[in-house]
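Asks: So the chains spell out like this:
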Amino acid sequence: MDAAGQLPLRVGFVGAGRMAQAIAQGLIQAGKVEAQHVLASAPTDRNLCHFRALGCQTTHLNKEVLQSCSLVIFATKPHVLPVVLTEVAHVVTAEHILVSVAAGVSLSILEELLPPNTRVLRVSPNLPCVVQEGAMVIARGRHARGSETKLLQNLLEACGWCEEVPEAYVDIHTGLSGSGVAFVCTFSEALAEGAVKMGMPSDLAHRIAAQTLLGTAKMLLHEGRHPAQLRTEVCTPGGTTIYGLHALEQGGLRAATMSAVEAATGRAKELSRK
Amino acid sequence: MDAAGQLPLRVGFVGAGRMAQAIAQGLIQAGKVEAQHVLASAPTDRNLCHFRALGCQTTHLNKEVLQSCSLVIFATKPHVLPVVLTEVAHVVTAEHILVSVAAGVSLSILEEEGAMVIARGRHARGSETKLLQNLLEACGWCEEVPEAYVDIHTGLSGSGVAFVCTFSEALAEGAVKMGMPSDLAHRIAAQTLLGTAKMLLHEGRHPAQLRTEVCTPGGTTIYGLHALEQGGLRAATMSAVEAATGRAKELSRK
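Chains as they are written, first to last, in the UniProt record's numbering: chain A, 1 to 274; chain B, 1 to 254.
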C-alpha cells in the first residue's frame, strides 16, 4: 500500500464531476498528493479537461485507474456506480482502498459488488469542499481498518472538516450538510431581502448577509460555544436583536428549519432503500 | 495628524467593553498599531484589565485619551455617549478623528470576520475615512455607506449574528431529531454555514444560483427546500431583519 511520505501516494478518481474535481483540487493544493500522481477516468472529456488543467493524468478506462492507484475514489452518479463496480471488480485486490462518495449507496451494497475482503469506505461530502471548507463524514466498511480510515481522513481534511461516524449517521449528514448548503442559501437570501425591503441595495445586502453568516459560523466553531449562548450575548435588553428574534419565533423559523432537515434526511433514507 | 507609517499611530478608546477590546485586539494582531500606542479609558478597572493584558495603556480619564491620541474610538454604551462627548468636547481639536461605534456592530469582529460599515460626518474627508477603513479591515470586511444604511446594517448584521445562531441551532436540532448526537450535529451545522458562506463570498454568486446547483431532481435537497417554504422561513427571516432595523431607527430617534 502506498503511504503518504513513503512511496508517492497515487490517488485515482472514477468519475470526474464537480465533487471529484473539488476533492482533487483540495488534495493537490494542500500538498497531500502531487497532481501528476492523480489519475481520473470518465466516459468523455467533458470533465476530464478540468483534471488535466490541474496537471493530473486522465483516461477513459476505469480499469486503468484501479490498476495504477491503490486509493481510488468513486465519484460517479449514484445510479451508475453499481455498473462501474461490477465492471472493475475483477482488477480489485486486497491492496486497494476504495472510497465511494455516492449518496445513498450503502456499504453493504458496495461490499456485495466487490470481491470479499475488499477495503471499502463511504464518504458523504458537501459542495463547499470546492472552497476547502466542506463538512464530510466517513463510514468504514467491514474490512477497512483504523489506519486506512485515518489515512482517508487526513487526506480529506484538505477539503474541510472530516470525521468518522457510524454509517447510520450518513443519511442525516446528507440532510443536514449536503442539502444544508441550499437551506443556508435560502436563509442568506432572506436576510438580504429583509435589508433590501428596508432600503439597502441588493448587492451590499447580499454581501453583508454572507459575511455575517461567515463570521458567526466562525465564532461558533472556533469558540465551541452553544449557539444559544452566543445569541444571548448579542441581546441587549430592549435592543434591536430581541425585537428581531421575536419575529423569528413568531414566524416559526426553527420549526421550518427542523422540518427541512427532517424531510431531506427522510428522502436520503428512501433513496438508500431503492 | 498621525498617519500610519509616518509618526506612530496612536489610537484611543473611550469605553473599554467587549467591542472596544475586539477592535483593539484586531488592530494590534494585524500590526496596524502597537499595543503601547493604544490608550483606553473607562470608569473602573473591570474592563481595563483586558487592555492592559494586551499591553495597552489605560486611564480613568476620558480627557486624557483625547489629549494623547488623534484617532479616538468611542465605544461606550449608547445612552452614555452624549454625556461623554459633552465632557470631552473642550479638548477636541481640528486634528482629531473621532469615531463612534454604532450599536450592534457585529460581534463577529472577534473572529476577524466582522461586517462593518462606516458613515462619515460632514467634516470627515476621504483620507480619514480610508484610514479608518484600512484599520478596521483588521477585524473583517469594512465599507463606507451612506448613514441611512447604518440602522439597516444593525438589523441585518449586528442582530443578524443572533438570527444565524438560531438558524444554526435549528439545523442541528433537526439532525438530532433524526438520531444524530447533539455535539456532532452542532459542529456539522456550523461548518455547513461556514462553507456555504465562503462559497457565496468568494465566488460572488447569488444564493439562488448556488441553491439550484445543489438540487438534484427528486433528490434530498428539493424535499428539504419544500419544507422550508411550507414553513415560511423566508418571511420569518425578512420580518426579523425588518423588526430589528425598525427598533434601531426607534432607538436612534430617542
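Hints listed in this document are in silico derivations from the structure and should not be mistaken for laboratory results.
Note that CB positions come from ideal geometry on N, CA and C, so glycine has one too.
Some hints could be false.
Stated by the list, open to error - To be clear about the criterion: a stretch of chain B counts as covered by chain A if any three or more of its residues have a C-beta under 8 Å from a C-beta of chain A, and this derived list gives those stretches: (1) 54-63; (2) 119-131; (3) 162-173; (4) 205-212; (5) 218-228.
Asks: If a hint holds in the structure, say so; if it doesn't, say that too.
Replies: Verification of the supplied hints:
Check result for the region 54-63 of chain B against chain A: violated, 0 residues qualifying (beta carbon to beta carbon below 8 Å, three or more required). With a threshold of 8 Å between beta carbons, the proposed coverage of the region 119-131 of chain B by chain A is violated, since 0 of its residues qualify and at least three are required. Closer than 8 Å: that is the beta-carbon criterion, and the region 162-173 of chain B has 12 residues meeting it against chain A, so the requirement of 3 holds. Chain A is given as covering the region 205-212 of chain B, and this holds because 5 residues of the stretch bring a CB closer than 8 Å to a CB of that chain, at least three being needed.
Check result for the region 218-228 of chain B against chain A: holds, 9 residues qualifying (beta carbon to beta carbon below 8 Å, three or more required).
Checked against the numbered hints given earlier, this structure breaks hints 1, 2; the rest are met.
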